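J.: Going down the list, the sequences are from chains A and B. Here our numbering is used: position 143 in the first sequence is 143, and no number is missing along the way. Numbers given in our numbering equal positions in the second sequence, counted from 1, plus 262.
Just so you know, not all the hints are guaranteed correct.
[What the hints assert, rightly or not] Taking lysine to aspartate or glutamate pairs in the EDC-like style, the calculated list, with each CA pair at most 16 Å apart, reads:
#, chain 1, residue 1, chain 2, residue 2
1, A, K138, B, E384
2, B, K377, B, E350
3, A, K138, B, E436
4, B, K501, B, E475
5, B, K377, A, E136
6, B, K501, A, E198
7, A, K181, A, E214
8, A, K13, A, D91
9, A, K115, B, E371
10, A, K13, A, E109
11, B, K400, B, E317
12, B, K400, A, E109
13, A, K90, A, E61
14, B, K501, B, E476
15, B, K490, B, E460
16, B, K489, B, E436
17, A, K115, B, E506
18, A, K239, A, E214
19, B, K400, A, E214
20, A, K138, B, D374
21, A, K138, A, E236
22, A, K227, A, E61
23, B, K377, A, E214
24, A, K89, A, E61
25, B, K351, B, E323
26, B, K489, B, E460
27, B, K352, B, E323
28, A, K227, A, E198
29, B, K400, A, D112
30, B, K400, B, D505
31, A, K239, B, E350
[As the list claims (entries may be wrong)] Restraint-style ranges between C-beta atoms, simulated for each label pair:
#, chain 1, residue 1, chain 2, residue 2, range
32, A, R81, B, P509, 30 to 40 Å
33, A, R81, B, S378, 50 to 60 Å
34, B, V518, A, I146, 49 to 59 Å
If you are wondering where the hints come from, they were derived from the structure by calculation, not from laboratory data. Since the model is a prediction, treat every value here as computed from it, not as a measurement. Just so you know, even glycine gets a beta-carbon here, dropped at the ideal spot from N, CA and C.
Number of protein chains: 2
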Amino acid sequence: MNLFSPCAKNAPKSGVYLIGAGPGAFDLITVRGAQILANANVVFCDALVDPKMLEWCPQAEIVLVGKRCGKYSTAQKFINRQLVLAAEKKDVIVRLKGGDPLIFGRANEEIDALKSANIYFEIVPGITTALAACAELKQPPTARNISRTLKITTLPSHLNYEDQDTQIYYMGREQLPQIAKEMIAQGYALSTPVCLVESVSLPHQRSFGTCLEELLHFQQENVFHEKKPVIVLIGEVYKNAADELTPLIPSLEQQVRAYIGN
Amino acid sequence: MNLFSPCAKNAPKSGVYLIGAGPGAFDLITVRGAQILANANVVFCDALVDPKMLEWCPQAEIVLVGKRCGKYSTAQKFINRQLVLAAEKKDVIVRLKGGDPLIFGRANEEIDALKSANIYFEIVPGITTALAACAELKQPPTARNISRTLKITTLPSHLNYEDQDTQIYYMGREQLPQIAKEMIAQGYALSTPVCLVESVSLPHQRSFGTCLEELLHFQQENVFHEKKPVIVLIGEVYKNAADELTPLIPSLEQQVRAYIGN
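Isolated chain A, as found in the complex:
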């Protein structure tokens, strides 16, 4: 069985490919993305991309240019320059980014650098973590009569609340109380359901349910793994999902039971 058969196409054109690796699982990349990886000469790879993803491109030279939790362990300018230099020398260059390459990934700067250097490039979309998390929770982010709009963001907004927009925060783990504060100030109910999903789609994925009121006072130190990404899904649509998940803050009864070992 050969997944390439229906799309037997020539090797990709020489140039740079910004490819979305998807949320983490190695089989949640697109067929096109995997196919280009299999033909790549050099792959510039994010720290957030699961190492198993590189099994798609055993032939390629791998350059790790990790960014993690907003910290730039490799300066963006350096990445841009490396992409251009590599493209001038080699055939098929991949810039593999976690999730979708255009969602909060500073792709703008890489695109500008490639345009300025007049280098051929394509963008291959990837499954963005917000939607992969919804798939894991089996809960669409919008629903008739509850929320017709999904907002994808990195920071609490200052919009006045009117519709029951669903909000999904990327890179929000460091600012959970602030997000809750802003949304409550906008008029969202204290009871608005919240789901938090760590390492979406990977074997060590963990999910927690809570509500805005609890998030307001939440200290994350002991809950999340230090270097794992967490996506934060907030809205009435997540009521059932949040109820069914592990509580983010265990009830007093649960804490007592844990204490007495029952």
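Fit chain B to the given chain A structure using the hints.
T.: Quick look at chain B alone, frame taken from chain A:
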């Protein structure tokens, strides 16, 4: 070269798989989606899914359950019942939906039906059309200092404008002047750039650039193909993209040139 090799895994478990086909192109489905399709007994397929996508599952019985432009050519209740009946009889049942299965696809009703019937199901995310359109335009929907938030919606909202949110409308082609009117009322500038992409990622994809002011008076009859989906991307981030695309409304000079055949 076998795309399955790095993810050699057993045939999928018996049950129903809601799979996102992605925006249209047959290779923009995920590897996991293609792999499950290749093992499917029955595939319930949307009208908006490109027929070439079915080359992933030549072995499967195909049931067309099309919805198109908001019209239900097959009642949702019928689909739900068919999914449950098929799952009770057969092994691997796929519900193949355009884009991502959880974005404006009425998946809620199918999920509820499957839960009620106690049928095992999984959701395989797909590339949602909004992000595939951004990839085609090579323009991220957010950018530092311009817009930090992306709103994905089907209807104009009544929020007060404050941030320069990027807005992407699904199924918006029938209500373009209304969308423009609402956004201008919210405080968006008349000059706010707009890109419209028809049949994203397919060979017959077409893209147009315009601005909110032009959209306000736009009569779509002669521009878009009757049955093709159009996605509408609005926000300052699209300025360069909108400028570089075919104008939605040709200038007087262009009209005169077309008239005199020059």
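J.: Confirm or reject each hint.
T.: Hint check results:
no. : hint                        : result
1   : K138/A / E384/B             : 8 Å, holds
2   : K377/B / E350/B             : 13 Å, holds
3   : K138/A / E436/B             : 30 Å, violated
4   : K501/B / E475/B             : 14 Å, holds
5   : K377/B / E136/A             : 15 Å, holds
6   : K501/B / E198/A             : 35 Å, violated
7   : K181/A / E214/A             : 11 Å, holds
8   : K13/A / D91/A               : 8 Å, holds
9   : K115/A / E371/B             : 45 Å, violated
10  : K13/A / E109/A              : 22 Å, violated
11  : K400/B / E317/B             : 28 Å, violated
12  : K400/B / E109/A             : 12 Å, holds
13  : K90/A / E61/A               : 11 Å, holds
14  : K501/B / E476/B             : 14 Å, holds
15  : K490/B / E460/B             : 7 Å, holds
16  : K489/B / E436/B             : 12 Å, holds
17  : K115/A / E506/B             : 14 Å, holds
18  : K239/A / E214/A             : 14 Å, holds
19  : K400/B / E214/A             : 40 Å, violated
20  : K138/A / D374/B             : 10 Å, holds
21  : K138/A / E236/A             : 14 Å, holds
22  : K227/A / E61/A              : 25 Å, violated
23  : K377/B / E214/A             : 29 Å, violated
24  : K89/A / E61/A               : 13 Å, holds
25  : K351/B / E323/B             : 13 Å, holds
26  : K489/B / E460/B             : 10 Å, holds
27  : K352/B / E323/B             : 11 Å, holds
28  : K227/A / E198/A             : 10 Å, holds
29  : K400/B / D112/A             : 10 Å, holds
30  : K400/B / D505/B             : 13 Å, holds
31  : K239/A / E350/B             : 29 Å, violated
32  : R81/A / P509/B: 30 to 40 Å  : 36 Å, holds
33  : R81/A / S378/B: 50 to 60 Å  : 56 Å, holds
34  : V518/B / I146/A: 49 to 59 Å : 51 Å, holds
The structure does not agree with the numbered hints 3, 6, 9, 10, 11, 19, 22, 23 and 31 stated previously, though it agrees with the rest.
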